[in-house]
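*Asks:* Residue numbers (our numbering), protein chains in the order written: chain R, 39 to 383; chain D, 39 to 383; chain P, 39 to 383; chain W, 39 to 383.
Just so you know, not all the hints are guaranteed correct.
Identical chains blur together in the list; that is why a pair holds if it fits in one copy or across any two.
To be verified - Taking lysine to any residue and the SDA-like style, the derived pairs with C-alpha atoms no more than 25 Å apart in a straight line are: (1) K101 to Y160; (2) K263 to R286; (3) K204 to R342; (4) K263 to Y336; (5) K374 to E64; (6) K341 to A245.
Derived from the structure by calculation, the hints contain no laboratory data.
Number of protein chains: 4
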Amino acid sequence: MIRAGIIGGTGYTGAELVRLLSFHPEAELTYITSRQYAGQIFSDIYPALRTIADIEIEEFDLKKAQNRCDVVFTALPHKIPMEIIPGLIENKIKVVDLSADFRFRSIKSYEDYYCEHKAAEYLEKSVYGLCEVNSHLIRNASLVGNPGCYPTCSLLGIIPFIKHKKVNCDDIIIDAKSGVSGAGRGLSEGTHFCSVDEGFKAYKVMAHRHRPEIEEKIEEIADQKAGVCFTPHLIPAVRGMLATIYMRTSTDTSESELRNILCDYYKNSRFVRVLGEGEFPNIKNVSGTNFCDIGIKYDNGSKRLIIVSVIDNLVKGASGQAIQNMNLMFGLDEAKGLMVPPQAV
Amino acid sequence: MIRAGIIGGTGYTGAELVRLLSFHPEAELTYITSRQYAGQIFSDIYPALRTIADIEIEEFDLKKAQNRCDVVFTALPHKIPMEIIPGLIENKIKVVDLSADFRFRSIKSYEDYYCEHKAAEYLEKSVYGLCEVNSHLIRNASLVGNPGCYPTCSLLGIIPFIKHKKVNCDDIIIDAKSGVSGAGRGLSEGTHFCSVDEGFKAYKVMAHRHRPEIEEKIEEIADQKAGVCFTPHLIPAVRGMLATIYMRTSTDTSESELRNILCDYYKNSRFVRVLGEGEFPNIKNVSGTNFCDIGIKYDNGSKRLIIVSVIDNLVKGASGQAIQNMNLMFGLDEAKGLMVPPQAV
Amino acid sequence: MIRAGIIGGTGYTGAELVRLLSFHPEAELTYITSRQYAGQIFSDIYPALRTIADIEIEEFDLKKAQNRCDVVFTALPHKIPMEIIPGLIENKIKVVDLSADFRFRSIKSYEDYYCEHKAAEYLEKSVYGLCEVNSHLIRNASLVGNPGCYPTCSLLGIIPFIKHKKVNCDDIIIDAKSGVSGAGRGLSEGTHFCSVDEGFKAYKVMAHRHRPEIEEKIEEIADQKAGVCFTPHLIPAVRGMLATIYMRTSTDTSESELRNILCDYYKNSRFVRVLGEGEFPNIKNVSGTNFCDIGIKYDNGSKRLIIVSVIDNLVKGASGQAIQNMNLMFGLDEAKGLMVPPQAV
Amino acid sequence: MIRAGIIGGTGYTGAELVRLLSFHPEAELTYITSRQYAGQIFSDIYPALRTIADIEIEEFDLKKAQNRCDVVFTALPHKIPMEIIPGLIENKIKVVDLSADFRFRSIKSYEDYYCEHKAAEYLEKSVYGLCEVNSHLIRNASLVGNPGCYPTCSLLGIIPFIKHKKVNCDDIIIDAKSGVSGAGRGLSEGTHFCSVDEGFKAYKVMAHRHRPEIEEKIEEIADQKAGVCFTPHLIPAVRGMLATIYMRTSTDTSESELRNILCDYYKNSRFVRVLGEGEFPNIKNVSGTNFCDIGIKYDNGSKRLIIVSVIDNLVKGASGQAIQNMNLMFGLDEAKGLMVPPQAV
């Protein structure tokens, strides 16, 4: 059994890790920490998990982590992980970091959009944990930067076409929509039920920090400058994320050729489901699961390719992918513990 | 492996059976029928189950059922099962019927509230599949009448106190609330999103057919006439059911004594979770699961006992309990295939 | 024009007062205060009211109130109004208080459930502002204690039968359900969208402070002890409140006789709509309005009367009724400024 | 008083017309028809309007319309209005048609996307009723083609920039999102509460009939070919529509210059509210009202202009604008009867 710990386990992504690890056949949750809730029982905070995760929350202590964990998930706000993770790595604990701290290759990008980086030497050792794209690197990684939710949803739709050099990289529009859980468990006027329900809005237009993350990953693959226009919106739903992506193909092509590229790229993937002609995905169909459903439409006249991609922001967009990363890092089937029954209704 | 079939598999309870059977470690779905959708692929109707249940829907045929099924779930509107089930039973197929056709002991009650019964001789052979109460009978049954959702939610809260003769049976008020999936997949003005969302209403006040079902089961245990006042309401949510039950105790007692009765009754149950003092359940915490969470409050002055019980109407209130019944009928652990990870968020 | 001020104008009931006063043909909003938001523009906090209420929020100052207001609405947490209101009254400003501070006749009840009362001498001068019941008193009042939302919704259903001595007062069950706006604008884990959406729960079972308010008002009319069992629940909707009330009639009667009592009692009311046989109200149908819709069901056998009553908790349950009180206090038609077009969809 | 009739009054746009006309100070509802509901009382179908619109629904009869109406709103599926409207016009009844039948200038466009046009000679007489753009034409019109909801929401954001020749017309992306009421009152699997709630999806990608309507109107103003890529999505909310529009400016400019263009264009408009820097609109803030709120963001580097525009699809996107058109046609203030109090919560 893999002994897994969660540092910062009481946020939504922490809770989702607990949920999934509790049913993982080859991992067990041995350590869970939170500054705010230390001493309390996890299922008192998340009563859905009564009898399933009646586990005591503790303070973080490197020694304890060392004694009890083969792998640690850090589910903390950015800036804190960079202070903790070097110590974990040095103690041979594998780490999947769910913050932005180890997602970027470029220190400059990170520092432009987040803050000063105090463990920059780990940036080149860390692997960007987009499993369907980087599985070969993840298998050998000891530190994985788990991708952001918007980047996961967007890149899974975009990358196959970038790899095939079918599309222009300098004119990509991502109109993205996320459920409210993406904003986290923290309280704010913007997450009050009465602010969200029956509402829909754009936010951080051209100012969201997931944009440079997406651009960097496209540029690495395309080996040229990318231009992404990114507009996030808030859906009045708990879970789910949908990205509508507008690109232009660089040559004449057809919808079926484009769909073939996608199907081919994901032919061995358990989690990416490519939809047929005229079919478009619904966030409801991936809720609670690690699936990413993708549908496309091509307009010959304008050479415009429209990709619609959906994930559950807390699963494939965070904790599910984190466990998928753990599976790969420990040589397991990447789907282990992640095939939870999707709710059809 | 138990070979399981579903007759009438395209309604919501059918879909929920498919979801759960697809992940059941000791059962496999070998046959699924629907008049309306025969010839189609199940996951085209419920795209959440793409790659998981890409199974062809067929017409019902007794021969096929006989060849392919050890157990059949009938997820059909009442009146149809009574025509099909005798044939199945005669062919040694075990049956869990999700309609009302085989729930009643009293033909008169059934016929008063539903319609003429054409297989009344099976009523006394059938077992009422409220698993936590009747497991000993279910283990030997070949035909189980799977309880209604409101009766399941209500009776699990009421029965322990009836068994202990702690409460009056002639003055029970059940104020119940159900999510919209309880109304089924059929289209009606009342299930249109714009009718339901931001709404809340009572319906079928004192006129719902689950009331006589509840009364019969109480009377069987109490061996005296029961009087239940039952008011269902519609919650603007997909899944979940909450019953607020008002009873009076027949003698002086205390909340802790009452809670002990409940804890004791369910001490070996995997699915009933009795909450502590001052805690009350939320439908959200059992969504997608086979759990029933129960909280109580006792008012000494008025001798009023208030029980709040919640289930997921599609799982413990229908398909989950149906599979729990199957597990019992085939000698398996009753929880087999039913411990799906609850969503904490 | 009546010059109206709002003390504590930035909570939900304050915002609702602003909305309604902005369109009132015989009142104008001349003063709005908030400690937290002083100096800001009201519509920056509630952008729905851009161009309609671009009014500056100020600090509370008795002098200013005196110079600018004929009437003041205090929309503050209980305890604060009792400190402010005496000064207003002495300065000949009429007051409608939306807190609990001046709702009770009995100091003891208030102090048992809230806190020490520092302006108890005003309790007997204040009038309980349940407009359909106390209009004759309200017309001459200078201080009105605006009823709580649950009491308004419940008492409008109960009082006509109490007045006709048709029902027992000592065995009343009120199973009430409220939308989330009833919890106010303050942030808490319990109002986070992800906690509420797809959820439904009971809270403060037998422990809500609106219960003694309801009991006192019934006792005043019945001139005997009342016994109310009160269970509030939270609906995943922004607005609306529904009370399902269970009473027993003291003599044999019929549903049509009971309905006649209701129709007769409200025959001159603009805001109470009594529904016909077999019809039950939906909170959706009164959303945004000052209406109270009531439906009833009578069960001859058990002599049980079930009353279902709905209001919009922010309008008839708070700010709408407050303005109705103002209208009565100033000799206007009680419906003035309150006939806003209900949304049929 | 203007005597107004509604042909096809029982759909959502019909109900919204009834709601607004019931409170219009200079119009009265004198005639309402529906084939399906003739003989019934309107408020029995829409109980929110009890006591407000207890009016009998009738069969359509030209004679009656002639005797009772100065203006008629046709709220019918396309194809039917073209058969009825010529008769009305010949009888000197002014008409606002809420279908697509008289929106297009080009017969070809209409016939390509809808069906054969049998009253094509009226196309050039009809005026496109986008009030803020065409008020001068509407004032003299006897037949107005009321714009589609998506075109209204999009064009109000786009047209000021087209008029100033600031943007390219051939590369416009409109990523639009609509509440469920846009799908109408008809029953379908796609409007079932359980299909919509907690869901979000794209539909009719590049295949929605509002696209050619938008293109035609842009082309008329720009006097050149327009290229619009249009993707509609479904929001799990009853009302509201948001369009995120991506255009490129043809010359260097700045966000403040662009905002000035917008403010200037709408400086006399009562219903369009242009938001300040960094502010973006929420559908919640225009719900139930005739407002259109618009926010913009400009990215100098890519010369990309992002416009976010919101309306209530049933009000400004249908019935509210229809009444605004009536107001203009009869020489009234365009806002008459339309300044309903917006719900701030």
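*Asks:* Taking each numbered hint in turn, which are not upheld by the structure, reported in ascending numerical order?
*Replies:* Of the numbered hints, all hold.
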